[in-house]
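**Student:** Construct the complete structure from the given sequences, taking the supplied hints into account.
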Amino acid sequence: DSGVTQTPKHLITATGQRVTLRCSPRSGDLSVYWYQQSLDQGLQFLIQYYNGEERAKGNILERFSAQQFPDLHSELNLSSLELGDSALYFCASSVASGMQETQYFGPGTRLLVL
Amino acid sequence: DAKTTQPTSMDCAEGRAANLPCNHSTISGNEYVYWYRQIHSQGPQYIIHGLKNNETNEMASLIITEDRKSSTLILPHATLRDTAVYYCIVRGNTDKLIFGTGTRLQVFP
Chain E
1 DSGVTQTPKH LITATGQRVT LRCSPRSGDL SVYWYQQSLD QGLQFLIQYY
51 NGEERAKGNI LERFSAQQFP DLHSELNLSS LELGDSALYF CASSVASGMQ
101 ETQYFGPGTR LLVL
Chain S
1 DAKTTQPTSM DCAEGRAANL PCNHSTISGN EYVYWYRQIH SQGPQYIIHG
51 LKNNETNEMA SLIITEDRKS STLILPHATL RDTAVYYCIV RGNTDKLIFG
101 TGTRLQVFP
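Going line by line, the protein sequences match chains E and S.
With this note's numbering applied, the first sequence covers 1 to 114.
With this note's numbering applied, the second sequence covers 1 to 109.
Think of the hints as simulated: they come from the structure by calculation, not from any bench.
Positions of the beta carbon are idealized from the N, C-alpha and C atoms, including for glycine.
Hints are not guaranteed to be accurate.
[Claimed, not checked] Computed list of lysine-lysine pairs in BS3-like fashion (alpha-carbon distance at most 30 Å, straight line):
(1) Lys3/S - Lys69/S
(2) Lys9/E - Lys69/S
(3) Lys3/S - Lys52/S
(4) Lys57/E - Lys69/S
(5) Lys57/E - Lys9/E
(6) Lys52/S - Lys69/S
[What the hints assert, rightly or not] One-sided and incomplete, this derived list gives chain S residues near chain E with beta-carbon spacing under 8 Å:
(7) Gly43
(8) Pro44
(9) Thr94
**Tutor:** Laid out in structure tokens, this is it:
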């Protein structure tokens, strides 16, 4: 158990819909990262927040957005969903920001868009 | 960040040491080598990381060559539960982790 929690575990929805994925980092961790893992793209970095502020952006679609709240939990919002958005979404957290900071991953949310 | 090259798959007998190689010939002096593994579709699990020196923890050992162009992750006594995809990641001046395709390790009885 990494200490990172994600809800829900599974999500089934229809194309065009909007969903929100939630992540609670390990106690004391200020940095939160979101990754997407699809069958054809592998594990890809989406976005990072550090202490409430956006720190880095990866291959995140404009239809996706995220935020980190004052209590440090984070939410990833996916809108106008398409079939290709079906994937595993992982959240990771680290104490701070930087290449020496180990990221610990949550169990993920499996999203299926029908 | 430097690119890594890993074998697609490897087998290992239970109880034997699993030695997983990784080539990172373009690594820069300040880049770290990280290893993660992913068991089935679970979240990636951190194993170990290092810069220049060999490292050991309760899970594994990391051997980095003197020129830092390659490294080996060693699981000293592999068990069936070590069957997973193992990712070698070189991490430089970036917070994100760049995952490649990894090595699929199959531990057999």
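**Student:** If a hint holds in the structure, say so; if it doesn't, say that too.
**Tutor:** Hints, one by one, checked against the model:
For the suggested pair Lys3/S and Lys69/S, the alpha carbons sit about 11 Å apart, so the restraint of at most 30 Å is met. Annotation: proposed proximity of Lys9/E to Lys69/S is violated, straight-line Cα distance about 39 Å (limit 30 Å). Only pairs whose Cα atoms come within 30 Å are accepted, and Lys3/S paired with Lys52/S is accepted, the gap being roughly 17 Å. With a C-alpha separation of about 29 Å, the suggested pair Lys57/E and Lys69/S falls inside the 30 Å cut-off, and the hint holds.
Taking the CA atoms of Lys57/E and Lys9/E, the gap is near 24 Å; set against the 30 Å cutoff, the hint holds. Taken as a hint, the Lys52/S and Lys69/S pair is honoured in the structure, with Cα atoms around 10 Å apart against an allowance of 30 Å. Checking Gly43/S against chain E by beta carbon gives a least distance of about 4 Å; that is within 8 Å, so the hint holds. For Pro44/S, the interface hint holds, the least distance from its beta-carbon to any beta-carbon of chain E being 5 Å, beneath 8 Å.
Hint status for Thr94/S: holds, given a least beta-carbon distance of 7 Å to chain E, under 8 Å.
Hint 2 from the list above is the single one not met by this structure.
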